[in-house]
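> Listed below, chain by chain, are the residues.
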Amino acid sequence: MSNASTLDAEDFNEMTAGLRSGQRLIFDMKSLGVWDSYLMIALIDVLKRCHEREIPIETSGLPEGMSALLHLSSLVPERLDAKQTGPKKTWLERLGESARSIGLDGFFLTQFIGESALSMVALMAGRARFRPIDLWLQIQACGPSALPIVTLISLLVGLILAFVGAVQLALFGAELYIADLVSLGMTREMGALMTAIIMAGRSGAAFAAQMGTMNVNLEISALRVMGFTASDFLVLPRMLALILVMPFLGLYSDLMGIIGGGIVAISFFDIPVTQFIQRTSESVHLTDFFIGLFKCSLFGVLIALAGCFRGIQCGRSASAVGEAATSAVVTSIVFIVVADSVVTLICNRLGI
Amino acid sequence: MIEVRDLTLAYGDFVIQKDLNFEVRRGDIFVIMGGSGCGKSTLLMHLIGLQKPLHGDIFYGNERLWGVSSEQREQLLRRAGVLFQSGALLSSMTLAENIALPLREFTELSKKEIDQTVSYKLALVGLSGFENYYPSEISGGMQKRAGLARAMALDPEILYFDEPSAGLDPISAQLLDELIQSLRDSLGATIIMVTHELASIFAIGTQSIFLDSEAKTAIALGSPEELLKTSHDPRVLKFLTRGHPERAHRGGHHE
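These protein sequence lines are chains A and B, in that order.
In this text, residue positions in the first sequence follow the working numbering: the first is 133, and each later residue adds one.
In this text, residue positions in the second sequence follow the working numbering: the first is 6, and each later residue adds one.
Calculated directly from the structure, the hints in this document are not laboratory data.
Where is the CB? At the ideal position from N, CA and C, for every residue including glycine.
This list has only true hints and no planted wrong ones.
Straight-line C-alpha distance at most 20 angstroms; calculated DMTMM-like pairs for lysine to aspartate or glutamate: (1) LYS116(B) - ASP266(A); (2) LYS57(B) - GLU247(A); (3) LYS116(B) - ASP160(B); (4) LYS243(B) - GLU231(B).
Label-pair ranges, simulated between beta-carbon atoms: (5) ARG31(B) - VAL253(A): 35 to 41 angstroms; (6) LEU184(B) - ALA257(A): 36 to 42 angstroms; (7) LEU114(B) - THR458(A): 40 to 46 angstroms; (8) ILE234(A) - GLU230(B): 51 to 57 angstroms; (9) GLU184(A) - GLU230(B): 46 to 52 angstroms; (10) SER277(A) - LEU114(B): 32 to 38 angstroms; (11) TYR125(B) - GLY228(A): 57 to 63 angstroms; (12) SER451(A) - GLU79(B): 32 to 38 angstroms; (13) MET256(A) - ASP160(B): 29 to 35 angstroms.
For reference, chain A alone in the conformation it holds in the complex (with noise of 0.2 angstroms):
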């Protein structure tokens, strides 16, 4: 080895292949000139091959910092239990343990939704611990902040609304009805569900972030310590903002789509503005409004739930603050359609 000018891998694995045990392993590195990570790790490795051979080693022969390097790294001795390799899953087991972390999910959030109807409870007793001012906050900031964007939205939805229904209602001259269409489809459904999924969006994913990042902080800890639940402290002001504000968001969005609905009634399909206004106080009941804003307030509890859960949830890291804020808008938007469709069939067969 003494006559080696460069070393490389290559090299290490010929040296190596050649011993025999019986045979002794020197070095000798006094030509050394620069080396660098890589020769420390080449040079581990073939320590570690003539240890499982029985060759015994030398190391007197190597430079004072590499064998400190070497005794360094050889302080700590490999945690094998650390490593989390493990031998390969089994489709079946990852099956297994999928359905397994899916069943305790269901057991916490059902552990969190009983946790928040107490505070409620805890809440109508005025025994409920939080702050009026985070309610107030958290009113302004899912209530007013959010208009713009149900105002776009809801225009917009409106408008194909019309222009989806215009197209077949013209075939039968039919294109006075748009006015029915538009405001039933906007007051009934369309108005709670879009507004739903922009606050499970907004709120929601924001509620998650907040509280998960609360957890990371320990905060939440810090809370329970000085005697306040999360549920009380965290969930109730955002489920309460939320159930306040969802039905007056709601009720403008039903607004705003009717106005984008008769746009295109009365520009595009010549519906005079007085019989457009006429067609749509006959068709829309008071009923269809209070389902609307029964929906509303319900998604906005569904919501609230979602968000503050994958939050709670919420693991200590940056990258779980992410997940938690993806997962709750997830949540969110699967509770609120499938709390639509239930509400929806229990109309029908009510025949309301």
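Following the hints, position chain B against chain A.
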């Protein structure tokens, strides 16, 4: 004051520490020490009621912490204040609001009295005038002191500290040690702290327990000085002497 009996700490089925038995007397500065990952902070989480033990119980005076309703536990824990490692101030509130939070909720004080109390507590930790700052606007050491002010808000009998001097420069760490000691002396509080800062342990610790991650239990109990002089356990000595156990019985312990 606080008694721990047969406590076993676990995450799921994975046991962290088992069969812990110790007592903290009134006025002690009790140090929980041990290497990284041995379960010091986990033990703290159990003491402050954030995590439920697998076995055993913790007694505050004669009252059990676990095995009672959560309302009773809350009541019991109101006697304690906790300073978390990072301070854990609520980032959406100013320092004053953070400190006022427990006062407003658990006392009958008027708004003016609360304001006065907040200013007084902030003055105690050397942060007068920082009432309207948000936690993100002040340094880590100041956050920690503000966290201490909040932990002291309700004049607790017991104060818990998680790594109080971690991340502080030596002078701030020493000031914090002095602050802790004077709190104990003036308020008569009992202090339990998790730390592996040797300087702090010897400077202010009056009692200590040493947790070991291999044995999964406490391997030494006594005052830090005493442990250094009399312990024969190499793991304890190595820890207390920063890896130079041969210096242990010569009396000195600082580098």
